[in-house]
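S.K.: Below, each chain spelled out in residue letters.
Protein chains: 2
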Amino acid sequence: MRIITIVGAGLMGSSIGFPARENGHEVRLVGTPLDREIIEHAKKTGEHLTLQRRLPDGYKYYQFEQMGEALSGADLLVSGVSSFGVDWFEHEVLSVIPESLPVLCVTKGLQDTEDGALIPYPYLYKQHLKGRKLNINAVGGPCTSYELADHDPTEVCFCGEDMQTLRAMKEMFECPYYHISLSTDIAGVECAVAIKNGYALAVSLAVGLSEKRDGKLHYNSQAALFGQSVREMRRLIALCGGHDDNIIYAAGDLYVTIFGGRSRKIGALLGRGVDFDKAMEELHGLTLESVVIATRTANAVKKLIAKGAASANDFPLLLHIDALINDGAKVNIPWAAFETEFTT
Amino acid sequence: MRIITIVGAGLMGSSIGFPARENGHEVRLVGTPLDREIIEHAKKTGEHLTLQRRLPDGYKYYQFEQMGEALSGADLLVSGVSSFGVDWFEHEVLSVIPESLPVLCVTKGLQDTEDGALIPYPYLYKQHLKGRKLNINAVGGPCTSYELADHDPTEVCFCGEDMQTLRAMKEMFECPYYHISLSTDIAGVECAVAIKNGYALAVSLAVGLSEKRDGKLHYNSQAALFGQSVREMRRLIALCGGHDDNIIYAAGDLYVTIFGGRSRKIGALLGRGVDFDKAMEELHGLTLESVVIATRTANAVKKLIAKGAASANDFPLLLHIDALINDGAKVNIPWAAFETEFTT
Chain W
1 MRIITIVGAG LMGSSIGFPA RENGHEVRLV GTPLDREIIE HAKKTGEHLT LQRRLPDGYK
61 YYQFEQMGEA LSGADLLVSG VSSFGVDWFE HEVLSVIPES LPVLCVTKGL QDTEDGALIP
121 YPYLYKQHLK GRKLNINAVG GPCTSYELAD HDPTEVCFCG EDMQTLRAMK EMFECPYYHI
181 SLSTDIAGVE CAVAIKNGYA LAVSLAVGLS EKRDGKLHYN SQAALFGQSV REMRRLIALC
241 GGHDDNIIYA AGDLYVTIFG GRSRKIGALL GRGVDFDKAM EELHGLTLES VVIATRTANA
301 VKKLIAKGAA SANDFPLLLH IDALINDGAK VNIPWAAFET EFTT
Chain R
1 MRIITIVGAG LMGSSIGFPA RENGHEVRLV GTPLDREIIE HAKKTGEHLT LQRRLPDGYK
61 YYQFEQMGEA LSGADLLVSG VSSFGVDWFE HEVLSVIPES LPVLCVTKGL QDTEDGALIP
121 YPYLYKQHLK GRKLNINAVG GPCTSYELAD HDPTEVCFCG EDMQTLRAMK EMFECPYYHI
181 SLSTDIAGVE CAVAIKNGYA LAVSLAVGLS EKRDGKLHYN SQAALFGQSV REMRRLIALC
241 GGHDDNIIYA AGDLYVTIFG GRSRKIGALL GRGVDFDKAM EELHGLTLES VVIATRTANA
301 VKKLIAKGAA SANDFPLLLH IDALINDGAK VNIPWAAFET EFTT
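Those sequence lines, one after another, are chains W and R.
Each residue of the first sequence is one higher than the last, beginning at 1 in our numbering.
Each residue of the second sequence is one higher than the last, beginning at 1 in our numbering.
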């Protein structure tokens with residue numbers, strides 16, 4: 001039996017403990033200061049407030065003040081925070097844990113830099129905490145929290161620098177509904193599964209466009225935008241220095257995200273011709289990871305274009321999404337820009 | 001104005017004339033002997049019996065006996081037959097047309113050979129009609145007939161040996177809802193869009209599995225199988241000698257096919273644990289392209305494996321589909337076989 005401490009009791013943080021707990025490990029779920037109610041409610045009822053699922057028997061619950069206790073004897077720390085919690089996690093958690101404790105992050109995202117690079121969180125953490133020798137790993141691949149909690153089988157990828165650590169983590173989590181590939185290509189896996197958030201919004205434009213046109217749900221446009229997304233995502237993975245095979249995580253994760261929730265909602269609203277600001281109002285100002293990641297990715301690409309290291313022709317869909325979000329543009333899928341002539 | 005003669009008045013044959021007709025060209029729709037009623041009905045009502053859509057004003061209708069008349073002065077012949085009509089098309093149409101008449105085939109499919117190769121129809125036609133110098137092109141990409149008729153925008157790829165012919169065809173069909181890339185990589189495009197039929201069945205297994213488990217539609221498994229499909233399809237495109245970039249047509253076409261109809265139905269039935277023979281009974285013995293293409297592709301791969309030119313580890317999903325269809329196996333997704341360890 002291993003002890004797995006999860007910090008961040010949101011949807012994915014709370015769900016990823018399911019396979020570990022069902023494998024017989026001790027799972028300790030620690031709420032951030034934002035999760036106070038979730039932890040209180042789970043302690044009392046065994047249910048998760050926002051996931052709206054029963055959590056596994058034997059889960060142990062801690063408020064953030066009890067993190068020290070929750071980390072005592074832990075074999076693995078899981079970061080369950082979203083991309084909006086990474087600074088908090090870095091300062092409040094990563095800077096105080098022992099260096100010997102491996103970390104597995106569920107957070108998907110990238111940070112763009114001044115010179116147009118896109119840096120995944122495991123690298124960012126390492127840059128910021130230079131003095132510390134942390135063993136930071138991450139999860140990518142198609143897996144939404146609700147469906148993980150519902151035991152819908154899937155296959156994800158754990159990535160990190162050390163294959164031995166990855167194998168040890170795999171042993172804790174692998175089960176009949178949670179299958180795990182391993183990769184030391186952190187840049188490739190993390191880029192793949194971050195950028196799909198922006199493209200999920202892009203594919204969802206077709207949902208809104210077809211609803212507006214004739215009130216029906218059509219799939220040709222979604223599929224063509226999916227194909228174009230695969231094309232652009234491969235280019236982005238290459239720009240991030242990742243191996244091309246990671247496109248399978250990007251494509252799978254894009255697929256599940258399109259049917260996921262908020263990225264689809266904002267995309268469909270924009271597709272119907274609603275202005276970005278109004279669309280965000282309709283979503284009650286929820287800060288969306290798809291919006292953040294599309295903006296950051298586009299910022300990086302625009303910097304690379306400005307210095308001649310990338311071509312605008314290679315990212316027409318991403319740049320259109322960026323224009324919708326950040327320049328007040330109206331939806332107008334740049335179909336002609338997707339067309340190619342290929343000669344063998 | 002150009003004259004475009006379509007032979008085969010099924011769903012796609014009848015739909016692909018929409019953009020051409022709306023661009024002002026003359027479109028002549030010729031029924032095969034199986035399409036007699038469709039042509040009769042369309043002549044009388046202007047509507048298509050099985051597509052259940054109004055056909056464009058100005059479409060001209062011909063029974064097969066009138067093909068000569070329909071071909072008179074034609075600038076392009078479109079083959080609208082399904083993969084079950086290719087032999088008929090070869091003998092009854094391709095062997096009698098003038099060599100100067102370019103041909104565009106909507107038929108998606110591959111034929112496996114004794115030595116484990118997979119040959120797309122344009123090449124097969126050329127092999128079989130060696131004495132004739134035909135200019136045979138094909139359409140690939142995400143485009144279902146219903147949605148084309150409904151003007152849901154998409155992007156497809158016309159492939160053929162001669163870029164000038166491809167550009168001329170593009171001029172006839174390109175319109176605001178039908179965008180066209182061009183490629184001389186016939187093997188790559190045709191392999192990509194044929195094999196997706198087998199993988200659409202594969203992804204749909206997850207639909208049946210989740211419906212059986214808790215009566216709900218889940219997406220994690222579909223997405224993971226989508227990712228694995230992308231992985232295996234890239235390998236198949238490479239085996240067919242196609243360029244890797246064609247994965248975008250395979251992925252887009254796979255996406256639209258999953259939401260399409262029969263491939264999803266048979267996959268979902270198999271996923272629920274129904275035997276293949278019973279599943280086919282439920283579908284009233286419809287001969288399914290997904291079943292044919294999965295079988296042929298698996299046959300080719302098995303021959304390559306037998307002679308050491310491919311590895312079973314590279315195609316676990318395809319081989320499982322083949323076992324379901326042809327060996328009476330029960331559904332049991334080989335998740336562990338999808339897992340990889342990748343070291344940079």
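For the record, the hints were derived by calculation from the structure and aren't laboratory data.
Careful: at least some of the hints might be erroneous.
Given that identical chains are not distinguished, each listed pair holds provided it fits within a single copy or across any two copies.
[Said to hold, decoys possible] For lysine to aspartate or glutamate, the following DMTMM-like pairs were computed, each having C-alpha atoms within a straight-line distance of at most 20 Å: (1) K212 to D150; (2) K212 to E26; (3) K278 to E90; (4) K170 to E40; (5) K170 to E339; (6) K216 to D150; (7) K170 to E92; (8) K126 to E99; (9) K278 to E65; (10) K130 to E47; (11) K330 to E26; (12) K303 to E161; (13) K278 to E22; (14) K126 to E339; (15) K330 to D162; (16) K278 to D150; (17) K170 to E341; (18) K126 to D150; (19) K307 to E114; (20) K303 to D327; (21) K43 to E281; (22) K302 to E69.
Computed from a prediction, not measured in an experiment: that's the story for all the values here.
S.K.: Each of the hints needs a verdict: does it hold here or not?
M.R.: Hints and how they fare:
no.	hint	in the structure
1	K212 to D150	between (33 Å within a copy, 13 Å between copies)
2	K212 to E26	neither (50 Å within a copy, 31 Å between copies)
3	K278 to E90	neither (33 Å within a copy, 56 Å between copies)
4	K170 to E40	neither (30 Å within a copy, 63 Å between copies)
5	K170 to E339	between (42 Å within a copy, 11 Å between copies)
6	K216 to D150	between (30 Å within a copy, 10 Å between copies)
7	K170 to E92	neither (26 Å within a copy, 59 Å between copies)
8	K126 to E99	within (12 Å within a copy, 66 Å between copies)
9	K278 to E65	neither (39 Å within a copy, 59 Å between copies)
10	K130 to E47	neither (39 Å within a copy, 70 Å between copies)
11	K330 to E26	neither (51 Å within a copy, 35 Å between copies)
12	K303 to E161	neither (29 Å within a copy, 38 Å between copies)
13	K278 to E22	neither (44 Å within a copy, 36 Å between copies)
14	K126 to E339	neither (41 Å within a copy, 28 Å between copies)
15	K330 to D162	neither (46 Å within a copy, 38 Å between copies)
16	K278 to D150	neither (34 Å within a copy, 29 Å between copies)
17	K170 to E341	between (44 Å within a copy, 11 Å between copies)
18	K126 to D150	neither (34 Å within a copy, 52 Å between copies)
19	K307 to E114	within (12 Å within a copy, 53 Å between copies)
20	K303 to D327	within (16 Å within a copy, 55 Å between copies)
21	K43 to E281	neither (34 Å within a copy, 51 Å between copies)
22	K302 to E69	neither (46 Å within a copy, 56 Å between copies)
Figure legend: structure checked against the earlier numbered hints; hints not met, in rising order: 2, 3, 4, 7, 9, 10, 11, 12, 13, 14, 15, 16, 18, 21 and 22.
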